[in-house]
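Enquirer: Below are the chains, spelled out letter by letter.
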Amino acid sequence: MNRQLFAYITHQNGVANDSAFELAAAAKKISADTSVTAIVTGKGEGLTKVCEQASSAFAKVWKIEDDAFAYPNAELIRALILKILPEKSVILLAHDTFGMDLGPGLSIKLNASFISDVVNIEGTDGDALKTVRQEYSGQVSTHISCDIADGAVINIRPGAFKPEEASIGGKIEDKSSEAAGIAAKRKYVKTIEAEVGDVDITKSEVLVSIGRGIEDEDNIEIAQELADAIGADVSCSRPIVDAKWLEKSRQVGTSGQTVKPKVYIALGISGSFQHLGGIKGSPFMVAVNKNANAPIFQVADIGITDDLLDFVPVLTEKIEKL
Amino acid sequence: MEILVCVKRAPDTLENEITVNKDGTNIEQEDLVYSVNEWDNYAVEEAIQIRDKVGGSVTVVTVGDEDAEEVLRREMAMGADNGILISDKAFENSDGKGIASILKAEIEKGKYDLILTGAQADDGAGQIGGMLAAMLDLPYASLVNKIDSEDGKLTIGREIEGGAQEINEIELPCVLSIQTGINEPRYVGIRGIRKVASIEIPVRTASDLGLDTNAVGDAGAKVKKLDYFIPETGDGAEMLTGSQEEIADKLIELLKAKGGMK
Ligand SMILES: Cc1cc2nc3c(=O)[nH]c(=O)nc-3n(C[C@H](O)[C@H](O)[C@H](O)COP(=O)(O)OP(=O)(O)OC[C@H]3O[C@@H](n4cnc5c(N)ncnc54)[C@H](O)[C@@H]3O)c2cc1C
Ligand SMILES: Nc1ncnc2c1ncn2[C@@H]1O[C@H](COP(=O)(O)O)[C@@H](O)[C@H]1O
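These protein sequence lines are chains A and B, in that order. The numbering used here numbers the first residue of the first sequence as -9 and each following residue consecutively. The numbering used here numbers the first residue of the second sequence as 285 and each following residue consecutively.
A portion of the hints provided could be inaccurate.
Non-contacting residues of chain A with respect to chain B, defined by C-beta distances greater than 12 Å in every case (computed) [what the hints assert, rightly or not]: (1) Asn(-8); (2) Lys33; (3) Glu35; (4) Thr87; (5) Gly93; (6) Asp164; (7) Ala169; (8) Ile172; (9) Lys177; (10) Asp188; (11) Ser239; (12) Ala277; (13) Ala290; (14) Leu312.
Below are the DSBU-like pairs computed for lysine-lysine, each with C-alpha atoms no more than 35 Å apart in a straight line [to be verified]: (15) A:Lys238 with B:Lys437; (16) A:Lys193 with B:Lys479; (17) B:Lys388 with A:Lys73; (18) B:Lys508 with B:Lys388; (19) A:Lys165 with A:Lys73; (20) A:Lys152 with B:Lys542; (21) B:Lys430 with A:Lys238; (22) A:Lys270 with B:Lys542; (23) B:Lys509 with A:Lys120.
In case anyone wonders, no lab produced these hints; they're calculated from the structure. In this text, a Cβ means the ideal position worked out from N, Cα and C, and glycines have one as well.
All chains should be built: construct the whole structure from the sequences, respecting the hints.
Expert: Have a look at this one:
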């Protein structure tokens, strides 16, 4: 079959994101013997380095350098991809805040199918691609069959595919001339970095982290008392910040802070991939959740099925008496 | 400003533990409580706040069965001016592209300056907003967590990785998908819902919208859900058992051993 495979590579400061190599691994699962082309856009010195890194995992690298792509504005990148992508191609994107911005609209313009946030690829049967997705923050999974005869845009969940050691030595081709005349009705202005809060949870060795299971702002005290007793800091999942119960700087996750504690105690947190994506360095993880099937129990070391509002005060009291 | 907000009726994950039904064809429906998709409340709140500042109207629209009317009423109780229910047997099992093309057909019947969706749904794929924008040929931004409106143009913030915010200028009309946390959605009580109980909500069918029923619903879907399942969990956590006291004692020993206590 003559299906061409592509991957759009994102990068920062001259380094390809990990997702680049994960996309290469995912592409292999669609077709092991099709060579895959990486598309790398940007501006400036680092770009060549990124292309070289990509060439270790991809047979071909299309390098497109232009002022317009100094920052990856999804609306501009879409226009570019529409111009350069052969008909009926399959293109893989990382399901991060850029891929979420680009993927759905790109699929419409390509008249291709779209599959979002894929966690596994089981293979193809003719034009039917079988993938796995999750719903409800990972509480259940689904098999998805997708007709890719007219092409597809496939968003791959960061961290779901293991990159392989590779040294393909792919060929880098400069396609910068394709950038001419690309325009969009949305303009990137600037990036505002995250605010620094009162406590820097990225440096904490022990974190007591609360999620929606804390149920009420007043209950945060329960977690704070445990944290005080063991010498930990309090962090949280996103809904706690959305509710304005804690500062944004306390949020663990892809859109919050990346933490590297030795011990992570998750209280009433379901274990969504965006939350887990902010926990690095394989800490010893304890999860307290009243739902025995909560996805967090798949990744925690120690699980306790209980109402945290009952259990945690018992625990704290015992520790205080030690 | 004429604002349209797309809203979806979805299982409420706060009220339910989601499990798979016996034959794996769906999630377990027994005792399932539905509500408005969490993200959509933020979108409607934002629309109401913009309208209250610059004038205009807010319309909420949903594609669903007759039960979906309740989410429209809820959002109207929040302050949306109009509701539209798009409902037809032919729409069942639509994929994302199907839902987006149904919404597109309705949107083209009106004249909207701003179209908002939620960034994603718990049972969705974060796709409708972006698809809709592309179909309508309008500029799009996802994961929006701030909107400032000036004449003919918006300055918006997008939530990106690491707690950072990406500021963009975007021309009107446009489509934005709204991220949670952009505002604090107002509370809706029973009395609020009662107040809007008698407002007429128009229902649109495939033929009202001039839609080819082969292009939507099951017939038009290129992306199909085959089944639901609970994944193999690998090793998983070691679950502590016993009384609360016993579990606490075991946990204290573990925390001591792992450096979790100072
Ligand atoms: C682009 C994007 C970025 C995101 N970034 C982040 C991020 O950086 N960080 C983040 O955390 N999320 C992020 N999210 C949100 C994420 O998808 C989840 O919605 C969120 O992590 C869920 O938080 P939670 O686990 O606290 O809540 P829920 O998923 O609602 O889970 C609450 C849990 O508490 C349990 N529970 C309830 N009551 C009790 C009780 N009394 N005792 C014990 N257990 C109880 C429930 O069983 C449930 O498992 C992001 C989402 C998007 C779309
Ligand atoms: N059936 C529907 N009717 C109206 N709007 C919808 C529908 N499904 C999804 N949406 C909108 O699209 C957003 C993203 O949903 P999804 O792409 O399904 O994750 C939701 O927050 C809604 O704003």
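Enquirer: Each hint needs a verdict: does it hold in this structure or not?
Expert: Now for the hints, and whether the structure bears them out:
1. Asn(-8): Check passes; 20 Å lies beyond 12 Å.
2. Lys33: holds, 17 Å
3. Glu35: holds, 23 Å
4. Thr87: violated, 5 Å
5. Gly93: Per Cβ check, Gly93 (chain A) is inside 12 Å of chain B; nearest 7 Å; violated.
6. Asp164: holds, 28 Å
7. Ala169: Non-interface label stands for Ala169 (chain A): nearest chain B Cβ at 19 Å, farther than 12 Å.
8. Ile172: Ile172 (chain A) clear of chain B: closest Cβ-Cβ about 14 Å, beyond 12 Å.
9. Lys177: It is violated; Lys177 (chain A) is separated from chain B by about 5 Å at its closest Cβ, not greater than 12 Å.
10. Asp188: Check passes; 15 Å lies beyond 12 Å.
11. Ser239: violated, 7 Å
12. Ala277: violated, 6 Å
13. Ala290: For Ala290 (chain A), whose nearest Cβ neighbour in chain B is about 4 Å away, the distance does not exceed 12 Å, so it is violated.
14. Leu312: violated, 7 Å
15. A:Lys238 with B:Lys437: With Cα atoms ~28 Å apart, Lys238 (chain A) and Lys437 (chain B) stay inside 35 Å; holds.
16. A:Lys193 with B:Lys479: violated, 51 Å
17. B:Lys388 with A:Lys73: holds, 25 Å
18. B:Lys508 with B:Lys388: Judged against 35 Å, a Cα distance of about 21 Å means the pair holds.
19. A:Lys165 with A:Lys73: Cα-Cα ~11 Å, so holds.
20. A:Lys152 with B:Lys542: holds, 28 Å
21. B:Lys430 with A:Lys238: holds, 15 Å
22. A:Lys270 with B:Lys542: Holds, at roughly 16 Å.
23. B:Lys509 with A:Lys120: holds, 10 Å
The earlier numbered hints that this structure contradicts are 4, 5, 9, 11, 12, 13, 14 and 16.
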